[in-house]
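2 protein chains.
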Amino acid sequence: MLKRLNDIKLVTSIGAGPIGGGWAAHFLAQGFKVNAYLHSEDEIDIFNSIVKTAWVSLTDLGLAEGASLQNLQIFTNLEESLKGTHFVQESAPERLDIKQDLYETLGRIVPIDVVISSSTSGLTMTEIQQKCNTPERTVIGHPFNPPYLLPLVEIVGGEKTNPDVVSWTADFYKMAGKSPLVLKKEIPGFVATRLQEALWREALHMVANGEATPADIDNALINGPAPRMAVQGQCMAFHVACGEGGMATNLDQFGPALKLPWTRLKAPELTKDLRDKMVKGCAQMAGDQHFEEMAEDRDKKIVAVLNAIKSK
Amino acid sequence: MLKRLNDIKLVTSIGAGPIGGGWAAHFLAQGFKVNAYLHSEDEIDIFNSIVKTAWVSLTDLGLAEGASLQNLQIFTNLEESLKGTHFVQESAPERLDIKQDLYETLGRIVPIDVVISSSTSGLTMTEIQQKCNTPERTVIGHPFNPPYLLPLVEIVGGEKTNPDVVSWTADFYKMAGKSPLVLKKEIPGFVATRLQEALWREALHMVANGEATPADIDNALINGPAPRMAVQGQCMAFHVACGEGGMATNLDQFGPALKLPWTRLKAPELTKDLRDKMVKGCAQMAGDQHFEEMAEDRDKKIVAVLNAIKSK
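Respectively, the protein sequence lines represent chains A and B. Read in order, the letters of the first sequence are residues 2 to 313 in the numbering used here. Read in order, the letters of the second sequence are residues 2 to 313 in the numbering used here.
Careful: at least some of the hints might be erroneous.
[What the hints assert, rightly or not] Within a straight-line C-alpha distance of at most 30 Å, the following computed BS3-like cross-link-like pairs (lysine-lysine) qualify:
id, chain 1, residue 1, chain 2, residue 2
1, B, K267, A, K186
2, A, K301, B, K313
3, A, K185, A, K175
[Claimed, not checked] Listing some non-contacts, in silico: residues in chain B with all C-beta distances to chain A over 10 Å:
id, residue
4, L6
5, G32
6, E42
7, L97
8, P164
9, A216
No wet-lab data here; the hints were simulated from the structure. Just so you know, these numbers come straight off a predicted model, no measurement behind them. Built from N, CA and C at the ideal position, the CB exists for glycine as well.
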């Protein structure tokens, strides 16, 4: 039986790095009490400086009622940091042996109704939970860097994770001010990093081949697709740009462009199944909004984004 | 001998679609007089509605002194639209035969000191200029959609383009409120679309394989990398995230991750040459800014972006 969401008051954040520190700051800003576990006292200064830096932004984004840095306690004894905890966010170093040993310990000492969520970006929960004797409540909750600013958390269980824990975790993160994305499968890089990594590798190819410099890459992103992508994902961007016909027009009319060498990544075969999934997915996102209304909304938000950046 | 930048007062914009209409609105907002050439009178209503929509955003972004919709004249006679023009922005349909015939005509009737710039996204100027008798002043100036909002223009000549025309065109767009990117080579998709296309094809693979839905893709972008990418390109994002060591640490330490299956796109070999180009390029962009200062600037701008989107 998992805890009721409203009963979550104390979060333990494990790890002194930018991810552990960022999570601690985020939960504090959301009004939780936070116990931070650091491996050693030597890490206290760097951890505090990460939290302090994050707090500036979090204040500008708006703190929850009762949110305070006073609600932070730092521990270098793991067991102490877990006493009475209601949720564990683990951001230990990205080494499988370290994580497996840690989950062996956590599995024994953390009460069974407490979810343990890992920030790992490169490992799977199926691997991490192997030595854990209570693996059903272990899950991945992978943030996007910096975790105190970007709302995304990708959630996926391992083979032994209870599916109820996955959906409970998504609900919890949502309540805690995050934008959860529950993965359909354990895939390397999850969704967001895969998208970013494809772009990044194409960028490296261009630099390697003398087609662009790093400054060209960044100029192209900042002044091209990125401000739009911040307000409208790539699927809806194409859907809206194609007017009345939407994604169906995009794929039926420009589908052949997927064969053009516009990137080194070969596109998948545009099967009827893929076409229909894309069209249906975009129709669902659009709901009853007309494309002109969505274009207007996109423009208003892009203008706001460009003006906001200019003013800083 | 090309015109002096300050003497450019009248721009001819060819094309009634979102690109032609978007360019016309952009130049009007920058205080130019604009002659718009439309293929037929049937296109006048749709063209006017594109300009009107764009004008709302352009007003919010800030109009130049003297900017007015009164400075727009619509023509359906090509020769008339070119009388006395100082710059031609061509956004005709994306078909090579249409463009080649058009440039044959433009090459004859547009005075030789006037630059003709094509908005093409899929053709090369080497192809387009083949029937033109004055190809040295023809060039590509490819905007990013919507062209009245996103500042990027990618500039590249064809084989017969005079290199001075390429740099003149970059200077002109800069003066006209755009962010020019001069390409090193004629490559399919230029830079920005290649980056976007790599991401897009990885997205299609994920949907095809049941790893994500279109809503997952857009959620991942909007709440993950995109708000950061709008204020900091991917090269500087990794440079700054790696602290003191910057891009060198990123590539030396995480280089092996380029071999991981985090996308279907295989990375290029991380040669010393590529590493050095990346490190040098990021060092140049950073100048004398310390990474902490750049991280602070990034955070401030991301907060501004997130708050700006929320408020709309």
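Hint by hint, here is what the structure shows:
1. B/K267 with A/K186: Given pair B/K267, A/K186 holds - Cα atoms ~22 Å apart, limit 30 Å.
2. A/K301 with B/K313: holds (7 Å)
3. A/K185 with A/K175: holds (18 Å)
4. L6: B/L6 is indeed farther than 10 Å from all Cβ atoms of chain A, at 20 Å.
5. G32: holds (19 Å)
6. E42: holds (21 Å)
7. L97: For B/L97, whose nearest Cβ neighbour in chain A is about 14 Å away, the distance exceeds 10 Å, so it holds.
8. P164: Given a closest Cβ separation of 17 Å, the condition holds.
9. A216: violated (6 Å)
Hint violations for this structure: number 9 only, all remaining hints satisfied.
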